[in-house]
Amino acid sequence: MTKPLVLHPDRLFPAQESTRAIARRLYAEVKDLPIISPHGHTDPSWFANNEPFKDAADLLIKPDHYVFRMLYSQGISLESLGVRSKDGTPVETNSRAIWHLLAANYHLFRGTPSRMWLDYVFSVVFGIDVRLDEETADLYYDRINEALATPEFRPRALFERYNIELIATTESPLDDLRHHQAIRDSGWQGRVVTAYRPDPVVDPDFEGFAKNIARMGEITGIDTSTYQGYLDAHRARRQFFKSLGATSTDHGHPTATTSDLSPQAAEKLFARVCSGDFSAADAETFRGQMLTEMAGMSLEDDLVMQIHPGSFRNHNQKVFKRFGRDKGADIPSRTEYVQALKPLLDKYGNEPNLSVILFTLDETVYSRELAPLAGHYPILKLGPSWWFHDSPEGMRRFRQQVTETGGYYNTVGFNDDTRAFLSIPARHDVARRMDCGHLAELVADHRLNEDEAHEVAVDLTYNLVKKAYRL
Amino acid sequence: MTKPLVLHPDRLFPAQESTRAIARRLYAEVKDLPIISPHGHTDPSWFANNEPFKDAADLLIKPDHYVFRMLYSQGISLESLGVRSKDGTPVETNSRAIWHLLAANYHLFRGTPSRMWLDYVFSVVFGIDVRLDEETADLYYDRINEALATPEFRPRALFERYNIELIATTESPLDDLRHHQAIRDSGWQGRVVTAYRPDPVVDPDFEGFAKNIARMGEITGIDTSTYQGYLDAHRARRQFFKSLGATSTDHGHPTATTSDLSPQAAEKLFARVCSGDFSAADAETFRGQMLTEMAGMSLEDDLVMQIHPGSFRNHNQKVFKRFGRDKGADIPSRTEYVQALKPLLDKYGNEPNLSVILFTLDETVYSRELAPLAGHYPILKLGPSWWFHDSPEGMRRFRQQVTETGGYYNTVGFNDDTRAFLSIPARHDVARRMDCGHLAELVADHRLNEDEAHEVAVDLTYNLVKKAYRL
Amino acid sequence: MTKPLVLHPDRLFPAQESTRAIARRLYAEVKDLPIISPHGHTDPSWFANNEPFKDAADLLIKPDHYVFRMLYSQGISLESLGVRSKDGTPVETNSRAIWHLLAANYHLFRGTPSRMWLDYVFSVVFGIDVRLDEETADLYYDRINEALATPEFRPRALFERYNIELIATTESPLDDLRHHQAIRDSGWQGRVVTAYRPDPVVDPDFEGFAKNIARMGEITGIDTSTYQGYLDAHRARRQFFKSLGATSTDHGHPTATTSDLSPQAAEKLFARVCSGDFSAADAETFRGQMLTEMAGMSLEDDLVMQIHPGSFRNHNQKVFKRFGRDKGADIPSRTEYVQALKPLLDKYGNEPNLSVILFTLDETVYSRELAPLAGHYPILKLGPSWWFHDSPEGMRRFRQQVTETGGYYNTVGFNDDTRAFLSIPARHDVARRMDCGHLAELVADHRLNEDEAHEVAVDLTYNLVKKAYRL
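One line per chain: the protein sequences are A, B and C, in this order. So my numbering is basically just the index in the first sequence, starting at one, shifted up by 239. So my numbering is basically just the index in the second sequence, starting at one, shifted up by 239. So my numbering is basically just the index in the third sequence, starting at one, shifted up by 239.
The following block holds chain A by itself, in its conformation from the complex:
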């Protein structure tokens, strides 16, 4: 017998009645505000080409590392889930069979945000009213595929239906941004902007680092074999990214290390990392030096700087060799900020026009390091709870551990940070509900007046994002 799929209107609100009533009132004011997505990983070609998505498995399973890593952790092979291999290993191509694997193992997601996001997509986006299980797998598969074939489910139509005011994608300096150009040229009014993510030309450990830098020289017509030329090439690409709407840069580093070398030392280090003959410490120092250089460039060109440190990428060697990056095997690690950021802060920490948004995968730093830093330094703001912590309990911990020292106004609203386009409204809705629930608890125990909580709820949902990302 099928079971009903119902999204309860009070979901995620505190259970206590009077607190829940406050949360409902707060949520009523923010639930219909437009979505601003200032940081994420959707594919701009979707909006440029506006082609239909292929099928349920191709859209919702194969590209979503949150989904397939959980199935993999329980012994279901990535091959059987149709995850494309890099090494030619054959993988399942029957999308219906793949869909059945998700349906048969949907209980694994109980209590996870993936479950909430998927149920939202099934219910709100596709209008399905029975729960996913083996019995309903075919009904789901057919219903989703039928919908995807209609004009209403093309990327631009969903963008508009989702009430997205702006979405930012993330591109490498080597990207020609042709899809962003095409979106502009198309006359479509949806605001899709890029963000400058220079990891491939900033991280000596990145695949093809030296070649990437040479390529950046070709693209810009600047000699990137000297440090000064290399920095100028960054300046040129940042300008180009700005011309296609970028208001921010993004830096995904293993640690938060920053450096502030003398020009001579930086020049020598640059030569060393470009030569390929460098130590792990060299690579770390160079990445750190580039964070400081990027902060300096942000002072020049007003791009907001985002730092996303602390992920041990591609931890599973076998999975990496067969399937490549972003396969659910990136594991957070302990991350230190107080010593690590000091060189950058000593140089630029008190600049009135610089804005650096810090993220973390190490929740222990919320109250110990990040809130005290952001509660003092004018350049620092705190990004929302990130990745594994983009979840109800993760958001609760973020607010409870950051607010008392950092306040609300040193935070920047929500980021969905996702490549799972369908789930974007689900993710923003979770954040809005959790923020309203959090504020309701402060109102209920008289730490905050309700009229102030209403202002804060709107600020967290909308105003702070626009301000922090200079949109």
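Bear in mind the hints are in silico, worked out from the structure with no lab data behind them. Be a bit skeptical, because a hint or two may be false.
The list treats identical chains as interchangeable, and a pair is accepted whether it falls inside one copy or across any two copies.
Heads up, simulated DSSO-like pairs for lysine-lysine below, C-alpha to C-alpha not over 27 Å straight-line [to be verified]:
1. 586 - 566
2. 560 - 586
3. 325 - 293
4. 705 - 270
Small disclaimer: the values here were computed from a predicted structure and weren't measured.
Given the coordinates of chain A, assemble chains B and C onto it according to the supplied hints.
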């Protein structure tokens, strides 16, 4: 005036009425399920010999480091508590006097799990209905001793009354398992199995390490002076442990370090640590190498592997010299897993038939390291909140910090991990109540449907334990 | 339109009705108990001279780094807030203008303890019944200044109105304690005592360290150029501090490192750090050695020892150069205790007459390190949640993470640790409310009997402080 001792039927359930009602319904389905205790430290001789326990102090105070460490922390000497000394220092032998010390200081345990476990034992097991304090100390002492003299309080009778389906003890490879053999020979139907805990022959810092390895050679008839012989002796002992019911091994290391040396390097390191002339780094590498070797043997013989890292053992030198191990002076320390486990995971992380259960005393790793690792690697599962964290708040943090990334099905149910046999049902009851309360909160804020919560509650209590420990 | 300022009588109590009712009953018993403030940074000259406070900005903004750091983090310069510069930079002198800056930015403090403390001071101390904002800024400024000019708002009158039974200040060994002497000589009955804070003569990295030691020699008439003389000078100053009421010492170190050097090694290290030619490791070892020496002296003279480790002082170089110490730029850092304290604990950990109170800015150690250490070692007690964590959520985490292993009786009640004299009752009130709310939750889910919770509430508020600080 004596005060009543009442165990409230709703204890540990969320206070909010509708959430509590859900918790009650969930708990009703799991409260009477049999106890499976897949990891612990009860003494198999109890079940082999089935002799009566001696007296209240001998049973409930002297062997329980949770109890006497708290009294010690407030200035009550271990000598006065009758804790047996190693060095001949005389200790209190008057059990009634010892019992009075507990009674007079019972307020120290307010808010601790020891208080909840003891009250359960007093109330449910011994049927006492007044609170322990100085006034009731004699009543308690006499009542407990009278009960212990009756057949109903012998180990096997309690085992049956407690509805224990299976209990695992933990023995060294040097143990002859005679008590386990005796239990089997006795015809008694209680299932008591062993587990393989090789620390004395795996940890170069263990007292008598080299002698222990020689002894393992004598027991197995294998030449343990070579690395290959030493490994084969492990294989032989593991087989012997399996023959007496073992389904798991257990490894109590100071860190989670693993190593994967070449056979030559391992051979040399083995010679060095056996010679007694080795560095701290050698000892650490050898322990790490042995975790990887043990994982390889588990692939051969199907024993589930448990890793319990992060305890700084015998931190108090004076207490250790006078009283020896396990005297409440083992202190947790920061424990890293992401780098530490990589050698083992690179070698065996994707094996479909291997199962490694990770524990921690460092709660910061729940959301940062353990849930992401277990939510990806097929061989990894997470043991329950352990030792100091085997407590209501500890369990709450475990579920709140693990579930969103790791889900429920990468966890393995509850371990009591105790030598305090009397308290076993009290401990399992706390875990069942806390899990039901946790699930009730997810149902109450509509993150989980109640029918699913019922399934999960039964899985956490019973099914996952059997599956994870291959029982 | 002005908005009302109302302190709700149930503020900070759990929202759930039956739990709130328990909290109310507990709070009723402790709310009027006298304030004991065993550790803080008020200025003894206030109580010696009993002069009126100057004005609202001078009293409530300029000296309060909690307040001005938050404003600074949002781009408001310290100059414009009238914070006195060290380097002659002119700063705002118009106190009314400074007050307007706070008023216009008061929303930044939503959800922070500063907001709660200030509102308490405005409402309870000054009797203001409208909220602070730009519209009411002048009303506030005038009302506060009028009040400060009256006898009822002089320091001694407030001390009595606040029902302070005892307050401890903190002084350097080089201080002549003249204000303390003047208070005694004045015949006023308020108990104001000092505490021995030897950082300037114990920390080789302190400004003027060698000169400070020479000065200690002059003051004591003891030759401080030898290690033995230096230690004896400490003994002499400790005696002098005791004569003016001190019952404790206080140690603000970057880490919790302790050392136990041989007399010869200590002598040599002392010579090295006094010479100015020493390494960072020397400085760290010397500070650690002095913690152990101070513990030894506490055994001699019964002063309770407080250790406050883990603050990275003066993190912002530019702010430090212009404005000096204590400008909101002290950032917590990861702090280890288990290894760090071992030398001291090996030497003195089991002494029945020694008492060492540990604090932390790293909340991860509550359950992992501090509660297990304090739940075993007789000399150790845990200070309350400190500085950034002296907040409702910080207190909740402290109790939830410490109690199950350490119990209540290894804690020492509340410290306000403040130089913001006006806010002292506000801070103690927050602590009393949070403790009652915490206990109410344990009563509500039947982990604690209500009669026991009443005893604990009084102990946490009053009895444990007196006992721990030997008052």
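Here is what the structure says about each hint:
| no. | hint | in the structure |
| --- | --- | --- |
| 1 | 586 - 566 | between (37 Å within a copy, 18 Å between copies) |
| 2 | 560 - 586 | between (41 Å within a copy, 14 Å between copies) |
| 3 | 325 - 293 | within (21 Å within a copy, 67 Å between copies) |
| 4 | 705 - 270 | within (17 Å within a copy, 45 Å between copies) |
Of the hints listed earlier, there is not a single one the structure fails to meet.
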